[in-house]
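Participant: Sequence:
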Amino acid sequence: MSPLSSSLALTVFSLLSIQPFVPSHSPSTLVHALPSPLEGFVDSLRSIPTILREPWKRQSDSGNATSPSVNSTGKAVWILQDTYEGKTFFDDWNFYTGPDPTNGLVHFLDQNDALAQGLAYVQDDGKVIMKGDNTTVLPVGTNRSSVRIQSNKTYTGGLFILDLNRAPWGCGVWPAFWTFGAGVTWPQWGEIDILEGVHDNVHNQVTWHTDAGCNLVTSPTGQNNFTGTPVGQTDCDGNINSNAGCGITDWSRVSYGETFDAQGGGMYAMKWDETGIAVWYFYRVSLPQDILDGTPDPTTWVTPSALLSPEGCDPFVYFNNHQIVFDITFCGDWAGNTYATTPGCTGTCPDHLTDPTNFVNASWSINSLKVYRKQDLSGVVSSGASRTILTLRESGLWAVLSAMALWITLP
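Under mature numbering (1 follows the signal peptide of the UniProt record, and there is no 0), read the sequence shown as residues -24 to -1, 1 to 387, first letter to last.
None of these hints come from the bench; they were simulated from the model. Just so you know, not all the hints are guaranteed correct.
What the hints assert, rightly or not - Distance condition first, Cα-Cα at most 30 Å in a straight line; then the derived DSBU-like pairs of lysine-lysine:
hint: 1; residue 1: 63; residue 2: 129
hint: 2; residue 1: 103; residue 2: 350
hint: 3; residue 1: 129; residue 2: 103
hint: 4; residue 1: 129; residue 2: 350
hint: 5; residue 1: 63; residue 2: 350
hint: 6; residue 1: 51; residue 2: 350
hint: 7; residue 1: 103; residue 2: 63
hint: 8; residue 1: 129; residue 2: 51
Sequences and hints are given; from them, build the entire structure.
Facilitator: This is how it looks when you write it as structure tokens:
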């Protein structure tokens, strides 16, 4: 190994030995504050590119750094945790086959039957399809076959982004994309209905169901906290008011139903963190670039359609350990009880159920569902807020330096 390689190797190994620290010197003298093994290699350090000489510093667009102070901005990033899409989509879900808890006139199929009957499949282009039976003529009183899937994994908090081409709709149809607390008696640990509606509705409804003590604050501290309209009561207790919970309808007339499908669907995002539980709907033509880039940043998005503020409901006391659910049911507590008063829905819901042509629009078409976890960032920021100082380990260069050290020491 040449003297230069030896010098550089020792430099890199010395950098790797540095424990995270907050520099107490100005950036111009940081190199002199490094541990003694580096003192003899200042010249070598100067020959290394700046990004390696000062890996703990991220240059901002303006100004010179001054004495650093602890970062108290609460900055965080959302890191991709799980992706559900394409040919492997159904690998990570179970097909629920029990009775519908909402009293729908539905027969949920297991995975083998759903695949065999064409009610669950993945197209050649990767789109995931789930639908209700739209080919079988039924005698009155017979439940129609459909699909309900639940994620194998559970989540407490996160950012859930669903990219949809279409969602089910039609008289007597009641679809939902939602989450609920697993392994406990409902509504303990809560339920979050992200996308839900009935019949030919054109407004999505976001609803929360909880144990007693959680309330929807319709005018939370601050301005314009959500754009939707509260519906019904503000008490989210799922044990009262016919299990209705508390809800907010989206202001947009293309957030659900035929109009949603006609404009190519869009994306739904649900953020669950210490700031509450918020839901956004994004038109297909106006998707945030950060989502498309795989680096979502909800702090830059428009005001959410719905928000359950921590002022009225602690998001980690009333919500915990959630499975994700897609389902399509028919009639039942909501669609059945409102069928007779819905314009355009003729006869009775059980009679309507017999004709398969009434359910040609009862289908999901999913591009992807991505779940992100929140990662808080820690570091220090200059008092002038013009430069961020990060520890070596936090800078993302730890692996780079390790690889350099190994490469340099090779024969």
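Participant: Now tell me if each hint is right for this structure.
Facilitator: Evaluation of the provided hints:
1. In summary, the hint linking residue 63 to residue 129 is supported, as the alpha carbons are separated by about 18 Å, within the 30 Å threshold.
2. Between the alpha carbons of residue 103 and residue 350 the distance comes to roughly 27 Å, so the proposed pair stays at or under 30 Å and holds.
3. The straight-line distance between the Cα atoms of residue 129 and residue 103 is roughly 22 Å, inside the 30 Å bound, and the hint therefore holds.
4. At most 30 Å may separate the alpha-carbon atoms for a hinted pair to count; residue 129 and residue 350 meet this at roughly 17 Å.
5. Of the pairs offered as hints, the one joining residue 63 and residue 350 holds, with about 27 Å between alpha carbons and a cut-off of 30 Å not exceeded.
6. For the hint linking residue 51 to residue 350, the alpha-carbon distance of about 10 Å falls within 30 Å, and the restraint holds.
7. Pair hint residue 103 plus residue 63 holds up; C-alpha atoms about 9 Å apart against a cutoff of 30 Å.
8. Under the criterion of a C-alpha separation no larger than 30 Å, the hint pairing residue 129 with residue 51 is consistent with the structure, at around 27 Å.
Violated hints for the displayed structure: none, as all numbered hints are satisfied.
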